[in-house]
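Colleague: As they're listed, the protein sequences go chains A and B. Here the numbering used here = 1-based position in the first sequence + 526. Here the numbering used here = 1-based position in the second sequence + 127.
A couple of the hints might just be wrong.
[Claimed, not checked] The calculated label-pair distances, taken between Cβ atoms and stated as ranges, are:
no., chain 1, residue 1, chain 2, residue 2, range
1, B, 278, A, 748, 25 to 31 Å
2, B, 202, A, 786, 54 to 60 Å
3, A, 564, B, 172, 44 to 50 Å
4, B, 171, A, 586, 18 to 24 Å
5, B, 150, A, 681, 55 to 61 Å
6, A, 754, B, 173, 25 to 31 Å
7, A, 740, B, 209, 51 to 57 Å
8, A, 678, B, 206, 22 to 28 Å
9, A, 643, B, 249, 26 to 32 Å
10, B, 206, A, 681, 32 to 38 Å
11, A, 771, B, 192, 39 to 45 Å
[To be verified] Which chain B residues face chain A? A few, computed with CB under 8 Å, are given here:
no., residue
12, 161
13, 162
14, 165
15, 173
16, 175
17, 183
18, 184
19, 212
20, 225
21, 226
22, 230
[Stated by the list, open to error] To give an idea of the chain A side of the interface with chain B (calculated C-beta under 8 Å), a few residues:
no., residue
23, 626
24, 650
25, 685
26, 712
No lab work stands behind these hints, which were simulated from the structure alone. Bear in mind the structure is a predicted one, so any value in this text is a computation, not a measurement. Note that the Cβ used here is the ideal one computed from N, Cα and C, for glycine as well.
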Amino acid sequence: MGVELILRLTAVELLLRPMGPWGVRPLILAAAGLALLSPRTLSSSLTWYALTGLVTARIVADWPLPDNHIYLLTYWCLALALSLGATDPVRTLATSARLLIGTAFLMAVIWKALLSPDYLDGRFFRVTWLTDPRFTDAVQLLGGMSAAQLTDNRENLAPLPEGAEPLNHVAPSDPPAFRYLVLMSTWGVLILEAMVAFAFLFPAGARAGPFHHLSLLLFCGVTYAIAPVAGFGWLLLTMGVALCRADQRALRAAYVVTWFLVLFYSEIPWANLMVSWLT
Amino acid sequence: MTHLSSVSNGSDSTPARRIAGHWRTIIPTALLLGVAATQMVLVKVADLSPWKGGGFGMFATTDGTAFRYVRLFVDAPERSEELNITESLEFDAVRAQLFPSRRFLTRLGEAAGARERRHGREAATVRVEVWRVEFSDQPLRATGRRLRSLTIPIVRQPQAN
Chain A
527 MGVELILRLT
537 AVELLLRPMG
547 PWGVRPLILA
557 AAGLALLSPR
567 TLSSSLTWYA
577 LTGLVTARIV
587 ADWPLPDNHI
597 YLLTYWCLAL
607 ALSLGATDPV
617 RTLATSARLL
627 IGTAFLMAVI
637 WKALLSPDYL
647 DGRFFRVTWL
657 TDPRFTDAVQ
667 LLGGMSAAQL
677 TDNRENLAPL
687 PEGAEPLNHV
697 APSDPPAFRY
707 LVLMSTWGVL
717 ILEAMVAFAF
727 LFPAGARAGP
737 FHHLSLLLFC
747 GVTYAIAPVA
757 GFGWLLLTMG
767 VALCRADQRA
777 LRAAYVVTWF
787 LVLFYSEIPW
797 ANLMVSWLT
Chain B
128 MTHLSSVSNG
138 SDSTPARRIA
148 GHWRTIIPTA
158 LLLGVAATQM
168 VLVKVADLSP
178 WKGGGFGMFA
188 TTDGTAFRYV
198 RLFVDAPERS
208 EELNITESLE
218 FDAVRAQLFP
228 SRRFLTRLGE
238 AAGARERRHG
248 REAATVRVEV
258 WRVEFSDQPL
268 RATGRRLRSL
278 TIPIVRQPQA
288 N
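Whole structure, please, built from the sequences with the hints as guidance.
Modeller: Here it is in structure tokens:
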């Protein structure tokens, strides 16, 4: 049941977010659809090797446009194919899931804490909250900023040519709630990601404890309420299911519920509804 | 073709089985690390956007798609002007702005030149510029900085009889 559920969730994700150029997209959809309809196709390693090849072809065809979770999806399809050929698929898959999650989060932490020049000082979230239209509702709801303030701030952040100085520069307004939002998001995301990376990479081994599950569920439940990358959330939660032992039914159910929560986050503009309701 | 037929009790009794189990888990992670290391190098030496390339640098820096842009300038006798990025050029433009390699810049410049010719307009060269918006901290202010620029000669295609 455990492996079958993991395979099904991965196939559903491939169907929910069609990807790639026209030469690849129908093949991915057909393979994922067939896997859902036929148990034999679903549990065949050949299906997952084929999907690994197709998702890789998508990455190559569109490079460098694909998002990072498409790369992770490729590694995951490969891990599924390799695990299905192993003597102990459940254990092999659990170890792969653990290593992939831990390494991906470690890379994310390295970028934020060491390589990026504008993350730790809060610039990244300050600029992103102010300028990215996908976060307009969240900024109004959590950052105490009105729609008019947001528009003014966006205009004030229009780029100048290199070397130019504005005659009358107006700095973007920073209500206290917005400053708090920037601080919390900058450090909250970094700490959560570091927690997941640490939990999943140390100590090594296939068994996952409560800290693994708690950190991953917390990360997905919080992050994907705001971040518009449901595909990444589904993938991480599917890997989380792979970490559950056969007797951990409640935990597996928690991952599936969070999987659907991420689906609802992506399809229901909850922040917009709350802003409308509050105003 | 292998099918999932059984779930073992998890005991790896022989060293051969242990090794077999390990290589199956190591390969995907090794691929992830290899791609991520390559991405880091490309970011540092070739201006690849940290958000892209499989290095998991998304949501870490403002240097993403939203804060990079491309400018195209066409030159010909009696003509020198900036071009709009039209829908037909969009894919090549996004590609060039995220990874401004000589190959992608050339492809975009040639596509823009060919488009001008198709519309009966002269084009001797197309200059492709990739810009990035940088943000200073105090006060928060945006400045455009040119990352790369390349001028591409547009070769006239022979007329078919």
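Colleague: Does 22 to 28 Å hold as the CB distance between residue 678(A) and residue 206(B), or does it fail?
Modeller: 39 Å, violated
Colleague: Can the hint on residue 626(A) be confirmed by a CB-to-CB distance to chain B that is less than 8 Å?
Modeller: 6 Å, holds
Colleague: Hint says 55 to 61 Å; check whether the CB-CB distance for residue 150(B) and residue 681(A) agrees.
Modeller: 56 Å, holds
Colleague: Hint check: is the beta carbon of residue 225(B) less than 8 Å from a beta carbon of chain A?
Modeller: 5 Å, holds
Colleague: Grab the minimum C-beta distance from residue 212(B) to chain A and call the hint holds if it beats 8 Å, violated otherwise.
Modeller: Violated. Min distance 15 Å.
Colleague: Given residue 165(B) was flagged as interface, is its beta-carbon under 8 Å from a beta-carbon of chain A?
Modeller: 11 Å, violated
Colleague: Holds or violated: residue 161(B) as interface residue toward chain A, Cβ cutoff 8 Å?
Modeller: 11 Å, violated
Colleague: Given a hinted range of 32 to 38 Å, is it respected by the beta-carbon distance of residue 206(B) and residue 681(A)?
Modeller: With Cβ atoms ~33 Å apart, the hint holds.
Colleague: Is 51 to 57 Å respected by the C-beta to C-beta distance linking residue 740(A) and residue 209(B)?
Modeller: Since the Cβ atoms of residue 740(A) and residue 209(B) sit about 54 Å apart, the hinted range of 51 to 57 Å holds.
Colleague: Taking 25 to 31 Å as the stated bounds, is the beta-carbon spacing between residue 754(A) and residue 173(B) within them?
Modeller: 28 Å, holds
Colleague: Answer holds if the nearest beta-carbon of chain A is closer than 8 Å to that of residue 226(B); otherwise answer violated.
Modeller: 5 Å, holds
Colleague: Quick check on residue 162(B) please, does its C-beta sit within 8 Å of some C-beta on chain A?
Modeller: 6 Å, holds
Hint compliance for this structure: hints 1, 8, 9, 12, 14, 15, 19, 22, 26 are broken, all remaining hints hold.
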